[in-house]
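Here the sequence shown is numbered in the UniProt record's numbering, starting from 1 and rising by one per residue.
Note that these hints are calculated values from the structure, not bench results. Where hints are given, some of them may not hold.
Stated by the list, open to error - EDC-like cross-link-like pairs, simulated, lysine to aspartate or glutamate; straight-line CA separation at most 16 angstroms: (1) 41 - 52; (2) 73 - 134; (3) 93 - 52; (4) 93 - 51; (5) 93 - 70; (6) 93 - 79; (7) 41 - 100; (8) 73 - 149; (9) 73 - 122; (10) 41 - 68.
Being a predicted model, the structure only gives us computed values, none of them experimental.
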Amino acid sequence: MIIAIDGPAASGKGTIARSLAAHFGLPHLDTGLLYRAVGAKALADHVDFEDEAALAQLAGALNLAALDPEALKSGAVGEAASRVAVLPQVRAKLLTLQQDFACQPSGAVLDGRDIGTVIAPEAEVKIFVTATPEARAERRYRELAGRGEPVTYEQVLADILRRDERDSGRASAPLIRAADAVVLDNTALGRDASIARALEIVAARTGR
């Protein structure tokens with residue numbers, strides 16, 4: 001069983017995807033970490049974000065086993081990830097890596113922006129997780145402030161809106177809801193209620 005979880009930044013799709021993976025005993029991949037890793041490496045190596053070939057080279061050298069989620073959670077890395085994710089050469093380098101993960105014999109849970117439309121259009125379950133920009137900004141602000149990052153809510157909201165526009169407007173694999181995806185709007189839902197709703201969607205689609 002392949003479960004595809006898509007949605008904009010700070011929508012809670014990662015939390016839902018991790019919970020579903022644990023519930024069903026499936027491997028999980030946060031595909032956004034791949035772009036965050038490329039963005040972080042570009043920042044560390046002072047690679048020009050206009051140099052698509054150099055950024056694609058970084059993507060081609062990525063090692064899934066070496067990803068450190070905690071080290072990739074900063075706001076600066078998130079912004080860098082959004083910038084590299086619009087580049088077709090970078091996306092092409094990471095496409096096979098993601099598709100191979102999805103096609104494991106046991107199945108998998110993947111979350112990102114184009115799982116149900118590009119990475120695994122054959123997925124049995126597709127969920128599009130969303131919330132208002134204001135709700136997502138509040139969640140991301142609490143997360144970043146809790147780690148001691150000097151940000152304001154207004155800055156985070158502006159970043160969320162900018163990333164939404166970039167993700168939805170890019171020419172290569174834009175953020176769009178797959179036609180057969182179920183929308184899960186969790187603006188007014190807490191963590192547990194969001195997960196419960198996702199489990200209901202899986203059960204309705206698969207009987208599991």
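These are the hints, each one checked on the structure:
no.	hint	verdict
1	41 - 52	holds (14 angstroms)
2	73 - 134	violated (20 angstroms)
3	93 - 52	holds (12 angstroms)
4	93 - 51	holds (15 angstroms)
5	93 - 70	violated (23 angstroms)
6	93 - 79	violated (20 angstroms)
7	41 - 100	violated (23 angstroms)
8	73 - 149	holds (11 angstroms)
9	73 - 122	violated (30 angstroms)
10	41 - 68	holds (12 angstroms)
Checked against the numbered hints above, the structure breaks hints 2, 5, 6, 7, 9 and satisfies the rest.
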